[in-house]
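Model the full structure from these sequences, guided by the hints.
Number of protein chains: 2
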Amino acid sequence: MKRGLLIVVSGASGTGKGTVCKKILDDLPGIAYSVSATTRAPRPGEIDGKEYYFLSREDFKAWIAEEKFLEFAEVYGNFYGTPLNKIEERLNRGEDILLEIDVQGALNVKKKCPEGVYIFLLPPSLEELKRRIEGRGTETPESLSRRLANAVAEIKIGLEYDYVVVNDTVDNAVAQIKSILTAERLKVARNFDKFNFKGDFLNET
Amino acid sequence: MKRGLLIVVSGASGTGKGTVCKKILDDLPGIAYSVSATTRAPRPGEIDGKEYYFLSREDFKAWIAEEKFLEFAEVYGNFYGTPLNKIEERLNRGEDILLEIDVQGALNVKKKCPEGVYIFLLPPSLEELKRRIEGRGTETPESLSRRLANAVAEIKIGLEYDYVVVNDTVDNAVAQIKSILTAERLKVARNFDKFNFKGDFLNET
Chain A
1 MKRGLLIVVS
11 GASGTGKGTV
21 CKKILDDLPG
31 IAYSVSATTR
41 APRPGEIDGK
51 EYYFLSREDF
61 KAWIAEEKFL
71 EFAEVYGNFY
81 GTPLNKIEER
91 LNRGEDILLE
101 IDVQGALNVK
111 KKCPEGVYIF
121 LLPPSLEELK
131 RRIEGRGTET
141 PESLSRRLAN
151 AVAEIKIGLE
161 YDYVVVNDTV
171 DNAVAQIKSI
181 LTAERLKVAR
191 NFDKFNFKGD
201 FLNET
Chain Y
1 MKRGLLIVVS
11 GASGTGKGTV
21 CKKILDDLPG
31 IAYSVSATTR
41 APRPGEIDGK
51 EYYFLSREDF
61 KAWIAEEKFL
71 EFAEVYGNFY
81 GTPLNKIEER
91 LNRGEDILLE
101 IDVQGALNVK
111 KKCPEGVYIF
121 LLPPSLEELK
131 RRIEGRGTET
141 PESLSRRLAN
151 AVAEIKIGLE
161 YDYVVVNDTV
171 DNAVAQIKSI
181 LTAERLKVAR
191 NFDKFNFKGD
201 FLNET
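Quick note, the sequences are listed as chains A and Y, same order. First residue of the first sequence? That's 1 in this note's numbering, and the numbers climb one at a time after it. First residue of the second sequence? That's 1 in this note's numbering, and the numbers climb one at a time after it.
Everything labelled a hint here was simulated from the structure, so no lab data went into it. Careful: at least some of the hints might be erroneous.
Identical chains share a label here; the pair holds if one copy fits it or two copies do between them.
[Claimed, not checked] DSSO-like, lysine-lysine: derived pairs with alpha carbons at most 30 Å apart:
(1) 187 x 61
(2) 50 x 156
(3) 156 x 2
(4) 130 x 2
(5) 187 x 130
(6) 156 x 178
(7) 23 x 130
(8) 2 x 110
(9) 68 x 22
(10) 156 x 187
(11) 50 x 68
(12) 111 x 50
(13) 68 x 112
Treat the numbers as computed from the prediction; the structure is a model and nothing was measured.
Here you go:
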């Protein structure tokens, strides 16, 4: 079984990573979203391991102690976290996992999973980023200029990533990300099996 | 001016690299073929720097001494070679250069140009490779089995490349190579200019 790809998509706030990730999942059914763990109670219909991994507070704290989380936070009295152990299990089963994460969080993931594919989204321009943040209609002039300054600081962190994609339109960005994933799957380092000479190069696994 | 991509395509004999490279050049007008140097006389209509760089024997030998060739050979009294200096000039002008070269030759190029994109073509199966070599109708049983043994030895060298593409159909192989080139152009290492904050990320050069 060939190990799956860990695909990490990040970008400064306002670059539209949520929309881009949603379209990747819609267009590429072979890619699954990373599932978070939480201590909040499951709502009717929610399945453990699908919407969330549902943990008791005791178990969640044990996972923290065992460094099983890439990152975690407490929100309104409940814990939420990204469980590395579960991502590893799924990658080892051959699943491709998409992880949408903030700029700094992605670099922490990279330290633990350097073989992942780290994609940084840029807005087409600072002007357009400003328009997008303004468009939300929730910003005062002060908070807008603070958010823009933060975005500029975050964008510099993109230099630590593998690939940079300008999100001018969602379709363009997703098409470029598809090419990145195709190329990554063709890397020799992910295809040693093809050099084993069982004779059928196309169908080796 | 952004430096062009050096695209090196290779593969065991019989894997169809000539056909694949021809289609890349036909489909992607932005990519140009590497031009060889030769000491043979230009034929009517041939232009220096287009079909070949036409050199005197003296100049050719001087280029050999100055290590300007990635590789060279003497064929029927004329010298032919792949001039690294000319490839470098064109890459620096922003041109993307395609180099089709034998398996071992590509590894020599990789030592001198590690930033190139090294793509190894595989046949879909050894059985299909055998059919393709037989199909030429020029092989005795002995030469066929020798060629196949050579191909197996050459294929192992593919482990030193960056990407592996199975040439099951020319269209599939070329589509995969196009994705590789798109992804390579999106690498952060080739896009430092995008992080310079002149403000327009889409059109920085």
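**Unsatisfied constraints (hint numbers, rising)** = Numbers 1, 2 - these are the hints that the structure violates, sorted from lowest upward.
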